[in-house]
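Asker: What follows is the residue order along each chain.
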Amino acid sequence: MASYEVKLLGTLLSPFVIRAKIALNLKSVEHEFMEVGIFAKKSDLFLKSNPVHKKMPILIHGDRPICESLIIVQYIDKVWASGPVILPSDPYDRAIARFWAAYLDDKWFRRIRAIILSQGEEAKKAALEDGIHGLVLLEEAFTKCSKGEKFFGGDKIGYLDIALGCFLVWVRVIEIMANVSLIDESTTPQLFKWAQDFCVDDAVKDVLPETDKLMEFVQFNYVAKLKSRL
Amino acid sequence: MAEELNVLRTWSSPWGLRVVYALKMKGLEYETILEDLKNKSDLLLEHNPVYKKIPVLVHNGKPICESLVILEYIDDTWKQCPLLPQDPYERAMARFWAKFGDDKLLPSIRSGFYTRGKEQEEGVATAIGNLKFIEKLLKGKKFFGGDTIGYLDLAFGWMANVISIMEEIAEIKLIDAETFPLISAWINNFSTHPMIKDLWPPRDRMIEKYKAIREPYLRKEA
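Going down the list, the sequences are from chains A and B. Numbering follows full-length UniProt numbering, in which position 222 of the first sequence is assigned residue number 222; successive positions increment by one, without gaps. Numbering follows full-length UniProt numbering, in which position 188 of the second sequence is assigned residue number 188; successive positions increment by one, without gaps.
So here's chain A without its partners, still in its complex pose (with noise of 0.2 Å):
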């Protein structure tokens, strides 16, 4: 079997593998898509690949691993520069999309998963506020970031694309598990056709999950698990 120069390891199950992939797929990268589960007892590849997280995805490029879903997609840029471009040229546009990126890692994310998975209706609710409070925030940013074009990228889908839309299966899976409206056609109705738009993208197609799968995996890890303790 013939052994490929890029390995990505991860589960899609993780948004943050799906953004790994999706860049890979931009730039028509072949790779070989080594299956990892989240939660299943980690090989010595991946242990060595990234000893300081010991998380997914890893990116490994000849023999040199990439750690950090944002980074490797900055990587995946810069090597294969010849593909489509992922990151805005102009320095301005490249920080807002930086921006937003990292607002989703450091809060964002973290405050919708909050609504199925903390303790408490009050703190369900005050999640639900900061998540929703944070759409309106990137309903605003898409304005200025697609400049009248589909995607924040413009034309095509670019680095803020990716950064938001591996999390649309997650919303996905809140909206039903919570009965809430997260990506509203009326509260946020551009990122409402963005999300349509972003979802049937060559390069994304097949590689978000199925809802019901996420469901019940996040289900089974993560809810059922949280009540078990209380």
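Be aware that one or more of the hints could be misleading.
With a straight-line cut-off of 20 Å between C-alpha atoms, the simulated DMTMM-like cross-links for lysine to aspartate or glutamate are [to be verified]:
#, chain 1, residue 1, chain 2, residue 2
1, B, Lys118, B, Glu168
2, A, Lys107, B, Asp102
3, B, Lys118, B, Glu171
4, B, Lys99, A, Glu175
5, A, Lys7, A, Asp206
6, B, Lys104, A, Asp106
7, B, Lys26, A, Glu175
8, B, Lys53, A, Asp106
9, A, Lys78, B, Glu90
10, A, Lys125, A, Glu175
11, A, Lys27, B, Asp87
Everything labelled a hint here was simulated from the structure, so no lab data went into it. All figures in this text were calculated on a predicted structure; none of them were measured in a lab.
Chain A is already provided as a structure; the job is to place chain B on it using the hints.
Answerer: Structure of chain B alone, referenced to chain A:
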């Protein structure tokens, strides 16, 4: 075109210093706007509505927030004296360790600073474990950037800035010269560098500030 560069920061914040050091390395003129975080200016709230935090770089009226994002912006906009390595893999490593510094190393150091007794011992042990990764990065190098100060040196500047202050106040030892000879040498090289030392916040003021920050945590424990 004349560039207008303003940096909203405080006298002590290591995150603010990252930005002004980067501008200095690039030979860029800028104005500092000192903020009082207990009484934030309208300008700060307008330019950073999401976090309401410093630093903010304002370039010809356009704000950029989050210090590591700002460093990348400065490097992308002004090509002289590159801060990040050119090689894509080395760039990825620099970004990885900068993030590790902020997300893992600093919190572990804080956990040794804000606590006492067994909790403090555990915090210090975790911090030392994290510092061992950093020590390895300096093998054969004067700075994280090689011969000259680069992105990762600026990202780790807070180590040179605050660790010895926290050690003194909390009576803990994190960076001893025997276990961490390379980090110890780096702290000295960084803090005495001509680009760096003129903006160094005064030690006595820093000690006063960090003592005041630590106090409520200790009162909570009592």
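Asker: Which numbered hints turn out to be false for this structure?
Answerer: Result: hints 4 and 7 break, sorted rising.
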